[in-house]
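Position chain B against the provided structure of chain X, taking the given hints into account.
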Amino acid sequence: MMDVSDAIVVDGLKKRYGSVVALGGVDFSVPSGTVLGLLGPNGAGKTTSVRVLTTILAADEGRAEVLGINVAEDPQSVRERIGLAGQYAAVDENLTGSENLRLVGRLTHLPKQLMLERIDELLTRFDLEDAKDRPVRTYSGGMRRRLDLAAALVHRPPVLFLDEPTTGLDPSGRQDLWGVIEGLVREGTTVLLTTQYLEEADRLADNIVVIDHGLVIAEGTSATLKAQLGATIIEVGFADPETARRANTALCNIGICGQGAMPSIVELKVDDSARVVLEVVRTLDAAHLEPTTLTVREPTLDDVFLSLTGHKAEEPVAGDGDTPAANGRRRNRGAA
Amino acid sequence: MTTIALPNTAIVYPSRGLRGAVRDALTVTWRNLVSMTRTPQVLVFSTIQPIIFVLMFRYVFGGAIRIPGVNHYVDYLMPGVFAQTVVFGSIQTGVALAEDLHKGMIERFQSLPMARSAVLAGRTFADLVRNVFVITIMVLIGFIVGWRIHTSVWGALAGILLMLLFSHSLAWVFALVGLSASSAEAAQAASFPILAPLVFASTAFVSADQMPGPLKWFAEHQPVSIVIDAVRSLTYGAPFTSNGDVLKAILWSVAIIAVAAPLAVSQYRKKV
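Protein chains in written order, with our numbering: chain X, 1 to 336; chain B, 337 to 608.
Worth flagging that the hints you see were computed from the coordinates, not collected in a lab. Just so you know, these numbers come straight off a predicted model, no measurement behind them. Some hints here could point you the wrong way.
Calculated Cβ distances over 10 angstroms to all of chain X for the following chain B residues [claimed, not checked]:
1) I480
2) W553
3) I592
In silico DSS-like pairs for lysine-lysine, Cα to Cα no more than 30 angstroms straight-line [said to hold, decoys possible]:
4) X:K269 - X:K226
5) B:K606 - X:K14
6) B:K606 - B:K439
7) B:K439 - X:K112
8) X:K132 - B:K439
9) B:K439 - X:K14
The beta-carbon is built from N, C-alpha and C at its ideal position, and this holds for glycine as well.
The following block holds chain X by itself, in its conformation from the complex:
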């Protein structure tokens, strides 16, 4: 039996598209009132998981429950209790903001008076009051996302699914949306959030499930995932990859082997950073290898992802070269 305090339970979920395995047996659960960050690169199975849980897609095998209701057995009852905001703001461009919300209100069968009050609340809350009578095609990207999220909330669902809610948004748009999501969580909404942005999971999620190629490869809090890597990371940068390689050999000889995310950087994961820094400097000096940079930092979820999967979160699995999201993210970092 499931724990009654779990709002979402996924057990052995499998889904294939022809020969492609989208989900290879995924398990996780989300305690009521918490945020789960489902983290993974493009094609990892995040969206497929959300589609199964939101009754859009039937799984081949396994069990998925929302608030104790099996999504395959009673999808309509699940739909009454969930909200979904997707990657592509699913609002009608020709309808106004308030018409879009009314569409969802009618299709969730809210009593009219309640629906109108609720729509007013949402328009105020999402700062769309001034734009409510304008067609959505005149909205900015951030406004569309806010409207999309508002549309997912019209019927006050206790469980909310957010599929890459901030993909493609500019930094201030992301900050706004994060604030809104945090507000919903404070009020008790259970949220399943998929993201490729490690800092988004870091900021919003109580628990993180990392999936890759349709399998859960790690789970835990942001802190426990980081702790798996050792306390501190020392990055030593060199002028060229060859020097970096020689430096790594020299360091390996004294028992501190590094790895590099980039060819000209040696990355060391250590518990006792002060002592190691000293040894690194001595060893490099003795070998006449001069570093260009030396950084001591706490691990980020990027590091977690790299060590778990062997590739960076923003690198597409199939190498299709399509990483606008990742580029956006780098820009966002630079600006933050």
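Showing chain B alone in chain X's frame:
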């Protein structure tokens, strides 16, 4: 800023059964109609183009063509122009569905506690409403340019209903096309080659008698011609009354719905 208390136990408003399905279909119809009135392309298709077609065919071809047994070509022509317009207009059903599919609207609908049937029912019903509007405009313009009903008001109404029934059957065909297409543009591109031969190799503008053998056979037996001839028999009478075209036109429409609607529904289920 207003604070909204979100209860952890949901208050839900279940809506099941036929009543719920009708209500949801009407909601989707409302959304489609509002959306239509704000889409310039659809507006032009539904207002200006029908007017231009009526005027153009009336005055360009009107003096050049004689049909045996018909005194005024305009009486022969108008049913053809009406049918041509609603037939081409049915492409919009597919285009709009393809757009909803690829812009994520259908995915949102799928996650809502609404009747599963409402998306297709609301789409085809909205397009039926659009056709009522389009036909009304064309009938009015037709009267202005000299088209007359030679039977009775009931005959003319029956003719209009027949055209609506046929256009509704085509809506299901193009719902299938739209749900199978990779984009709205692809849906549009795929639809025209299906319709062009049906509209132009027909009795819409000229009698099939002057056409060469195989083309004549096709033009006389394909559904668009049959519907147009049936409308002529209902609005003009002789020489169009004898051939049972009304019954054939109804049978064609019903048969098209019987084949295309289940296929469209199954394609819709597959897509989501």
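Okay, the hints, checked on the actual structure:
1. Every CB of chain X is more than 10 angstroms from the CB of I480 of chain B (nearest about 32 angstroms), matching its label as outside the interface.
2. Remark: the non-interface label on W553 of chain B is consistent with the geometry, its nearest Cβ contact in chain X lying 44 angstroms away (cut-off 10 angstroms).
3. The Cβ of I592 of chain B lies farther than 10 angstroms from every Cβ of chain X, with a closest approach of about 29 angstroms, so its non-interface assignment holds.
4. Pair hint K269 of chain X plus K226 of chain X holds up; C-alpha atoms about 11 angstroms apart against a cutoff of 30 angstroms.
5. Among the hinted pairs, K606 of chain B with K14 of chain X is consistent with the structure: their alpha-carbon atoms are about 18 angstroms apart, no more than 30 angstroms.
6. For the proposed pair K606 of chain B and K439 of chain B, the alpha carbon gap of about 17 angstroms is at most 30 angstroms, so the pair holds.
7. Of the pairs offered as hints, the one joining K439 of chain B and K112 of chain X holds, with about 28 angstroms between alpha carbons and a cut-off of 30 angstroms not exceeded.
8. Between K132 of chain X and K439 of chain B the CA atoms are separated by roughly 21 angstroms; this keeps the pair inside 30 angstroms, and the hint holds.
9. For the given pair, K439 of chain B sits about 26 angstroms from K14 of chain X by alpha-carbon distance, which is consistent with the 30 angstroms threshold.
Going through the hint list in order, the structure satisfies each hint without exception.
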